[in-house]
Every structure is written in structure tokens, then in C-alpha cells.
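> Put chain Z on the given structure of chain F with help from the hints.
Residue numbers (the numbering used here), protein chains in the order written: chain F, 1 to 155; chain Z, 156 to 444.
Rather than coming from a laboratory, the hints here were simulated on the basis of the structure.
Mixed in with the good hints there might be a few duds.
To be verified - In silico DSSO-like cross-links for lysine-lysine, where the CA-CA straight-line distance does not exceed 30 Å: (1) Z:K222 with Z:K195; (2) F:K115 with F:K100; (3) F:K75 with Z:K333; (4) F:K18 with Z:K346; (5) Z:K319 with F:K62; (6) F:K72 with Z:K347; (7) F:K15 with Z:K321; (8) F:K155 with Z:K334; (9) F:K96 with Z:K366; (10) Z:K305 with Z:K319; (11) F:K96 with F:K18; (12) F:K15 with Z:K334.
Claimed, not checked - Covered, in the sense of this in silico footprint (three residues per stretch, anywhere, with C-beta under 8 Å from a C-beta of chain F), are these stretches of chain Z: (13) 325–334; (14) 337–347; (15) 353–363.
Said to hold, decoys possible - If you want the ones that stay clear, here's a sample from chain F, every Cβ over 10 Å from chain Z, calculated: (16) L24; (17) P31; (18) C36; (19) M52; (20) V64; (21) S65; (22) G67; (23) C69; (24) Q80; (25) H82; (26) Y88; (27) G102; (28) Y109; (29) S135; (30) G144; (31) A146.
Where a beta carbon is used, it is the ideal one built from N, C-alpha and C, also for glycine.
If you want the building blocks of each chain, they are given just below.
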Amino acid sequence: MWPLTEEEMRVMFEKIAKYIGENLQLLVDRPDGTYCFRLHNDRVYYVSEKIMKLAANISGDKLVSLGTCFGKFTKTHKFQLHVTALDYLAPYAKYKVWIKPGAEQSFLYGNHVLKSGLGRITENTSQYQGVVVYSMADVPLGFGVAAKSTQDCRK
Amino acid sequence: MVVQLPEPITHLPREKPLPRWRPLTRWQQFSCLKGICPKKKTHLVWDEVSGQWQWRWGYQCTRDDTKESLIEVPSNAYPLEDQFTKRIKAKKEQMAKNKLNRLCNSARVHKMQLPSVAGLHPIGNQSKEELGRAMQVAKVSTASVECFQKCLSKEKAPWGSGKKRKFQPLLGDFVAEKKNQLELLHVMNSKKPQLDVMQATNKQMREDDQKEAAKRRKMRQKGKRKGGQQGLGNKRKGGPPNQGGKRKGGQPSQGGKGKWGLGGKINSRLRGFGDKRKGGQHPGRKRRK
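Chain F with its partners taken away, still in its complex shape (with noise of 0.2 Å):
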């Protein structure tokens, strides 16, 4: 377990600040308690540190997981965001999708997003651009990358 390098942490924040922007800043400065961001075994988790100061005394081999898992680390050194990560993106998202509830159930099995299936997005969102799925309940379904601009989805 060890706490990131300059170099990973700036990768991780890239990849992050693509669904939440600016608000990563509220993620690193808390004012409910200090967290951080922790490697083990080439995946990033976010934990408190009170509970990363338990988990230190457990020996690396035996210690499987802590706090939350963000993504990781693959071997070309590029990170992947996981689903787990979900909890703290979809309160800071900056770009939304809502989808109807017929499109729920493709889309948690793993299917795309169809211009069919989409129910709301939020104004000015480009191309490429990092977005949260939502049910039309407002609860968050996963994220993902809009294939296409609002403006694509009108015409």
C-alpha cells in the first residue's frame, strides 16, 4: 500500500476531472475528515485515514481491499475508472444522462445507450464529453462517454 506518485496522481485526476471537473476539489479537501488516495496492487482506493491507519497493520499480501476502489492502474500505467467509484462521482457530476426505464435494464447489462432509450441531458454537453447515467428516478446507474453533443441528440 503506498500513496501515489506525481505522476499517477496527475493521470487519475485527468481521468476523473473528465465526469466531475473542478469538483475533485472536493473530494481532496474534506471538511468531514481527512482522505486520501491509496495504491495497492496497482488499484487506487479511497479511504478515510483513520481506517487507512488500521488497514496499514495488515501485511500486503493478506490485505485484499480498502475503503473505496476508485479504478486502477493497468500496465501501460493508464487508469481505469471502475462502477465502484460511482458513489462519489455522481454527486459532483457535471454532465448528466437520463435514461427511460425500458433503456435501464439494456444499459446495466452492458448495452450502449440509444438515442431511443434517452430521456434527459443536460444543456451543452460536447461530444466525448464524461457523463453520468441516471435513471429518470434520479438514481445513478453507472457513467460512460456521450458518443454524441446534445446537440446531435435533437436532431
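Relative to chain F, chain Z alone:
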């Protein structure tokens, strides 16, 4: 007369070629000079403890003392020293030493230099890396109390020198860590362009659409009034796209003016004309696709 001929012997051809001649190692050269002959040792050794024949060397051999589960701490040893790791380390060092000797031997035979030593005993043309490494070693050796060799202006350390990976301590200074992260974020944000061309274009197009839609509505209203019917008022379904009640960050509201930007900077805090638009704003309505 009967002559007894010897039994015929069929000589089979060699399956594999003869072993190549290898130059003698340092020890072999020495032993030849001194006249030391290697004593033949049996491969198997009787082991009293386990009551079995075991290999003298190699896999699962008797000599391996790292496999013991119980080790007495000798009286002259530091009591808190770990005897198991001590033995494992000693074995690893021995293996490393053997490997180094083997490499030295083969380097001598092939008249090459070991990578770690390359450049320190120059024989001919040296590569840039070799020179760099030799220079690094020279610098370290000449370094003494505050007298370090200065680097030239464009000199770089050779590739491969330095620590492999430098980690911050696990439970280090949280405040400093947070500060570093915030600084990094600040730098990242400042690098993003203030005027996002794509978004500005989209916004412009959106406003043009809205203007046209407003015009169309007016025409329809006028047409219908002329025809004697009451205007449908606000119950239109296929109306103009909603501007959306929630406009976070992002773009300033420009009203219906259709102007582009405020020069170079667009800051996200402006709430301009758009929210006070007349007619056509229906906050809770579903967006048309």
C-alpha cells in the same frame, strides 16, 4: 581347423556430437597448475535424520538449511535477530556470488566486460552509456566532504542510475499531501482553455434555434388569431427546446442577443439575461430529444 572369432560388436554412431571444448575457468586453471585433482563425490548421501538417501546438491538436497522449521539461537547472537531470514539471506548471497563468478568466467572467455564494470577498464571504443557510467562512478569516488564534481551545463545522469522508484511514506504528512494535490489540480485547471470553442459554437447554434422557434411560434399565433381561434397559449407540446432550469458552471447566459463571448474570458459565475427570458420557459418540462 576351427577358429573361434570374437563376438561381433556393432558400434552405433554417436547420437549427439562431441562436447565443444570450453576454456578453463579460473579455478580449473589453478588446480591444473597446482596438481589438485577433483575427488569424485557420490550424488546421493545417507541422511540420518530423515532415514533416506538424499541428493548432495540440487533440488531438495540435505545441505539446504533454510528449510528447517526450528533453529536454536546461538549464545553469541543478538537475541532479537531473525535466524530464518539470516539463513535465507546468506543463501541468496552465496547464489549471487556464484552467479557473478560464472559471469566473470564467461566474460573472460568471450573477451567481453560485465555490464557493471564496462567502461571502467576501457579497452577500445566505448559507447555513450559506458562513458556515462564510468563518469558516474568517478564522480562518486571523487566526492568527499562538500567537494563534489560540478556537472556541465547540459550534462545528464546516465540512464539507469538513481533509485528505481521513490515512494512517499505511507503515513506521511497528510496536510502536505493535500496541499500538493490541490496545487496539482490548480495547475491542471489553469491549463484548460478559458474559451471552449466547441461549447461556444454549440451554444450559439442553440440560441439560433431558439430564436427561430420563437419566430415560428409568433407566426403561428398570429395566423391562428387571424383565423378566429384562441391561441393555444402555454399548452403547446412540440414547443421550443427547454433551456433547462439547471445551468451549472459552464456558460454565461447571453440572452437573445446572439453575441459570442465577452472577449477572451468566460467565467462561470455570470447569470445574465437568459433567466429572465419572456415566454417560452417551462422549468419542469421534459426535454425534446
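> Which of the listed hints are broken here?
Of the numbered hints given earlier, those the structure breaks are 8, 16, 18 and 19, listed in rising order.
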